[in-house]
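Engineer: One-letter residues, chain by chain:
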Amino acid sequence: MSFYELLKKYEPAELQNYLNNSSSQIEKIIPKLTLTELEFLTLLSPKATPFLELMAQNAYLLSLHHFGRNILLYTPLYLADYCVNQCVYCGFNTTNQRKRRQLTLEEVRAEAAAISQTGLKHLLILTGESRKHSSVDYIRDCVKILKEYFTSISIEIYPLETDEYAKLIESGVDGLTIYQEVYHQPTYLELHPAGPKRDYRYRLETPERAAQAGIRTINIGALLGLADWRTEAFYTGLHAQYLLNKFPEIELSLSFPRMRPHSGGYEPTSPVSDQALVQIMLAMRLFLPRAGITISTRESATFRNHLLKLGVTKMSAGSSTVVGGHIDDNSENTGQFEIADQRSVAEIQAAIIKQGYKPIFKDWHPLEDFS
Amino acid sequence: MEDQLIIGGTKLNSRLFLGTGKFASYEQIPAAVAASGAQVVTVALRRVDFETPGENMLEYLPEGTVIMPNTSGARNAAEAVRIARIARESGCGNWIKIEVISDQKYLLPDNQETIEATKILAAEGFIVLPYMCPDLMAAKRMVEAGAAAIMPLGAPIGTNRGLKTEELIKILIAEIELPVIVDAGIGRPSEAATAIELGAAAVLVNTAVATADQPVLMAEAFGEAVRAGRKAFLAGLGGTQTFASASSPLTGFLRSE
Chain A
1 MSFYELLKKY
11 EPAELQNYLN
21 NSSSQIEKII
31 PKLTLTELEF
41 LTLLSPKATP
51 FLELMAQNAY
61 LLSLHHFGRN
71 ILLYTPLYLA
81 DYCVNQCVYC
91 GFNTTNQRKR
101 RQLTLEEVRA
111 EAAAISQTGL
121 KHLLILTGES
131 RKHSSVDYIR
141 DCVKILKEYF
151 TSISIEIYPL
161 ETDEYAKLIE
171 SGVDGLTIYQ
181 EVYHQPTYLE
191 LHPAGPKRDY
201 RYRLETPERA
211 AQAGIRTINI
221 GALLGLADWR
231 TEAFYTGLHA
241 QYLLNKFPEI
251 ELSLSFPRMR
261 PHSGGYEPTS
271 PVSDQALVQI
281 MLAMRLFLPR
291 AGITISTRES
301 ATFRNHLLKL
311 GVTKMSAGSS
321 TVVGGHIDDN
331 SENTGQFEIA
341 DQRSVAEIQA
351 AIIKQGYKPI
361 FKDWHPLEDF
371 S
Chain B
1001 MEDQLIIGGT
1011 KLNSRLFLGT
1021 GKFASYEQIP
1031 AAVAASGAQV
1041 VTVALRRVDF
1051 ETPGENMLEY
1061 LPEGTVIMPN
1071 TSGARNAAEA
1081 VRIARIARES
1091 GCGNWIKIEV
1101 ISDQKYLLPD
1111 NQETIEATKI
1121 LAAEGFIVLP
1131 YMCPDLMAAK
1141 RMVEAGAAAI
1151 MPLGAPIGTN
1161 RGLKTEELIK
1171 ILIAEIELPV
1181 IVDAGIGRPS
1191 EAATAIELGA
1201 AAVLVNTAVA
1211 TADQPVLMAE
1221 AFGEAVRAGR
1231 KAFLAGLGGT
1241 QTFASASSPL
1251 TGFLRSE
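Here the protein sequences come in this chain order: A and B. For the first sequence, position 335 matches number 335 in the working numbering, and the numbering has no gaps at all. Each number in the working numbering comes from the position in the second sequence (counting from 1) with 1000 added on.
Bear in mind the hints are in silico, worked out from the structure with no lab data behind them. Bear in mind that the values here come from a model prediction, so they are computed numbers and not experimental data. It is possible that some hints are incorrect.
Derived DEER-like restraints, expressed as beta-carbon distance ranges [said to hold, decoys possible]: (1) B:1034 with A:163: 49 to 59 Å; (2) B:1013 with A:5: 52 to 62 Å; (3) A:61 with B:1013: 31 to 41 Å; (4) B:1050 with A:161: 29 to 39 Å; (5) A:368 with B:1091: 12 to 22 Å; (6) A:25 with B:1050: 49 to 59 Å; (7) B:1234 with A:356: 37 to 47 Å; (8) B:1004 with A:163: 47 to 57 Å; (9) B:1053 with A:141: 47 to 57 Å; (10) B:1137 with A:13: 32 to 42 Å; (11) B:1231 with A:355: 46 to 56 Å; (12) A:309 with B:1034: 21 to 31 Å.
A few chain A residues facing chain B, derived, Cβ under 10 Å [unchecked claim]: (13) 62; (14) 290; (15) 294; (16) 307; (17) 356; (18) 362.
Covered stretches of chain A, going by a simulated chain B footprint (3 or more residues, C-beta under 8 Å) [stated by the list, open to error]: (19) 81–89; (20) 140–147.
Beta carbons: idealized from backbone N, C-alpha and C, even for Gly.
Chain B extracted, bound-state conformation (with noise of 0.2 Å):
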């Protein structure tokens, strides 16, 4: 049976995402992008410099790779749609990762405002990801909104703390049909492997990836991480068992009858 995520009518091969920032060089990413197989790859466009050559991260994207710009420095809404039209119109496509920050202490996102760009950007045609705070009813205002999938944070943002919100994930991805995505906070790829064994779609990975001793093999250990999570999903986990058997069983009285 083929497993492939679609997003927005996209087909990926690769259920891992890469993140640009963060990097020592753009030389780095083409060669994460390549290591990892990572298919989409989120930009910010406050960073993409389209005038000067060499300095224009998206001339680094190797060929097929699928631009998901992210609305980064947005404070509201409205200035995250202001970014996604720019960027929509200076070429980096229709998907856009929402995130609106208005929380510079913690780097949190705004769900309430997240929610309110998520529904004017999809009506507009963009296939919108927002990255959001795994909360669920705000989580159901964005599937509501027309939102192509959501991203809820695994910890803080840069912290690489893990899967922190483990707990509130799961019922996300236990009640949201659409694909959830693991954005933020993942440090380690037994992480991501553990994120995608839970039932998420896909995971975002930038911090772990870029500021390793070395990027490129860490991309690639995600890379691996990530296919065996997914493989460990489908073929379906076998349950622990928290007690040992119990040596007087309490309904071992049911047999006797």
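Bound conformation, chain A alone (with noise of 0.2 Å):
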């Protein structure tokens, strides 16, 4: 069955009722060591609120014990702003009267050795949806440049073909990015008027083309905020189980994006609050022990600092959403949201240590020679 068959299953008014009316005991499903769907779904509603503290403990002791007093150091690097898309909650939107650019392979090359003076070893490269200005061809380039700094490449860009990303992947990339935004189908058709985003379903199976082209890690989650977050943080747990199911190999990872500021100014239509992204994170950890959880400088220092014990597996640090952020004084530009955590690689170094925790720079050796 396609994953897409799979979400039919779950109609949102059913998902709502049983929120609503589910009798199931939270405090039995918590320490459970697998859990079904419908228990997940129970975890996310109303009901589970009050027992988010003994959720929390749980989750604590899993994800001590899976992934160890260490979370994952990485950085984002943005190569181009310019797309296509109409995506109505982002500052990239192409009716966006902005000025746009595309690092050249030489610009590339400095933000490279910019960043990697910070010590960082694992980066994520991102772009708007535009094949004219970031073609593959242009990606693949500047990714050979930056397996020259950096030992784990990640790229959060347009949906690709599989041979697409197997082309990427030779080059050296060895992770895929990719938020399906919203899962709520009708929701998705509103929020994406225009552009090759419109499509749905070949978004939904973008991870499927990557698996199949080899990809080793792969890290999914919806853009929180645009849709109700208990439904939303469902599917999402969902598709990563579903993706898991069907491509044990891949290391899977969940990021839980909550709308920021940007230009454009779209507001949130379901606002997720702190206690409701804690409830997300906890519920996950405990339905999926083993998959890694992303928290980027979307959310503040002091924020991240508490939920660094919550089930954290890796962060950004030092981060710009800004193309061409780490060379010049981009004063004059936005990125493509903005940056709650401002601090520098070094001071997140610093924090996650106090707490009890190593910061780890490397944790993928390239298996090829790339060069």
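Using the hints, put the two standalone chains together into the complex.
Structural biologist: So this is what it looks like as structure tokens:
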């Protein structure tokens, strides 16, 4: 069964009904070793909120045992912000009048050198969706340069075909980040009025194409704030489990990005509180004990410090969402969204150590000589 | 009589092997090694940062430590072989713990791929220690493939659930002539002692030490438990009786003749 068909089994109205009326006992679900899909849903329900501390204690131990006192650090690198899509919530929206930029290969090298000065070895490269500006060949040329500076390179770009993923993997890419943004299809279509991204199912099946091409790690998520968070979190967990079952060799991780202010000014229709984000994270950890959890600089320094023990395995550091943000003063340029945690890599490193954790800079060693 | 464990021609003084992942700082590793007396230490090549001073875990290992790189991250035999070669070329020696995980849901090792990798790497002169699901036929094939020891799991990695596979491990100990090293799942020193009492040649522990409130003290406890377990094994455990002596023995008639 495709994931699209699987999703259809869980109609939003039925989920809402279950969320509000389930008679399952939360305290019996929390300590279980394996959770059913409906038990996971129950942990996302309003009924589970009073049990957050109990969930946290269990999530802490599971994370400690499976991942230890380690937090992997990475940073994003924006290659270009040209985009043909019209995502109403995004600063890169094509109708958004702004100065656009694409890094030259020389600038990519300069950015890489600046970032690697901080000690980071894991990089996530991003582009908007523009095959004209950011072609697969351009991205591959960038990756070849970046391999000289980093041991792991992930991509957060527009969805590709399987053979295109294979091409990038061959050049040294080992990870894919792709957010469905919204799993609820009617809302998805509303928020993506035009452009190739409007194809819901093509985006939904993107992780599978990358997995077929042999990608090593996949990070998925929903952009929180665009639709009801309980059902969106449920669909995200289902998607993760589906991928784990179909491609058990993939190292899978999840992100829970909350909408941040951006140029364009779209206001989230379903804001997600700190408490809600914590509930999502804990429910996910109990449902998928060995999946990674990524928290980006969208969240504030204080909040990230508190989240550390609840199951986080990976954090971004020293981030800029501006193209060229590491090499020049871009005061006139705006990023994709505003960064909340503005600390330097060294400051984040110190904060992690202070909490009794070890920041990890290298967690992959390239198997091929890509030079 | 000298009681020494010999693997790949190296005489080892400790039957406790330590893992290095999951610690809160690299400084804890040499302290845990010293407190436990462990001599063999496994490191994931993927984590070794050869370039950054202070971030290279190998710099923290005390002199005399036998480094056993592992192939964490390998999804098949070919990747395990590549990781092993990189480890050797990077100066990590010729020991290799093969870890092939094609299942990220439970992190269970893939015996089939592990046998393949063992065959290739043993032929290349590596001292190969394959991490495996305790299966007798797979273990025999690893022996044939040239393994130096075999490393069955006690329970799924990171679970601290103890010797859940005890019955299968007993069979491996009875049938396999190579050292059997219980790797993964051991959550407390008493379980390590049990494994050694059963006749396991050694145990490998990481999570239970690295995630304890006081890792160094826990490392010391594991060192003592393994030494006690070995003494008990050598002394020969007294049998236990399942039932009280029967008042009407079934074979009493044999004496009346």
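Engineer: State for each hint whether it applies.
Structural biologist: Hints and how they fare:
Taking the beta carbon of each, residue 1034 of chain B and residue 163 of chain A are about 53 Å apart, inside 49 to 59 Å as hinted. Distance hint check: the CB atoms of residue 1013 of chain B and residue 5 of chain A are about 59 Å apart, consistent with the given range 52 to 62 Å. Our hint of 31 to 41 Å for residue 61 of chain A and residue 1013 of chain B holds, since their Cβ atoms are close to 34 Å apart. Between residue 1050 of chain B and residue 161 of chain A the CB atoms are about 36 Å apart, so this pair conforms to the stated range of 29 to 39 Å.
Checking the proposed 12 to 22 Å range against residue 368 of chain A and residue 1091 of chain B shows it holds: the Cβ atoms sit about 20 Å from each other. At about 52 Å, the CB distance of residue 25 of chain A to residue 1050 of chain B agrees with the hint of 49 to 59 Å. Here the CB-CB span from residue 1234 of chain B to residue 356 of chain A is close to 40 Å, well matched to the stated 37 to 47 Å. Here the CB-CB span from residue 1004 of chain B to residue 163 of chain A is close to 56 Å, well matched to the stated 47 to 57 Å.
At roughly 32 Å, the beta carbons of residue 1053 of chain B and residue 141 of chain A sit outside the given window of 47 to 57 Å. A beta carbon spacing of about 52 Å between residue 1137 of chain B and residue 13 of chain A contradicts the range 32 to 42 Å that was offered as a hint. Under the hint 46 to 56 Å, the C-beta atoms of residue 1231 of chain B and residue 355 of chain A, about 40 Å apart, miss the expected range. Range check, residue 309 of chain A to residue 1034 of chain B: about 28 Å between beta-carbon atoms, so the 21 to 31 Å window is met.
With 10 Å as the threshold, the beta carbon of residue 62 of chain A comes within range of chain B, its nearest partner Cβ sitting at about 9 Å, so the hint holds. Restraint check, residue 290 of chain A versus chain B: the minimum CB separation of about 6 Å is within 10 Å; hint holds. Given the 10 Å rule on beta carbons, the hint for residue 294 of chain A is violated: about 16 Å separates it from the nearest Cβ of chain B. Checking residue 307 of chain A against chain B: minimum C-beta separation of about 17 Å lies over 10 Å; hint violated.
Given hint, residue 356 of chain A at the interface with chain B, holds; its Cβ is 5 Å from that chain's nearest Cβ, closer than 10 Å. Below 10 Å, beta-carbon pairs count as interface contacts, and residue 362 of chain A has one with chain B at about 4 Å; its hint therefore holds. Beta-carbon proximity to chain B at under 8 Å applies to 0 residues in the segment 81–89 of chain A; the threshold of 3 is not reached and the given coverage is violated. Counting residues of the segment 140–147 of chain A whose CB lies closer than 8 Å to any CB of chain B gives 0, so the stated coverage by that chain is violated, three being the minimum.
Hints 9, 10, 11, 15, 16, 19, 20, counting from the list given before, are not met by this structure.
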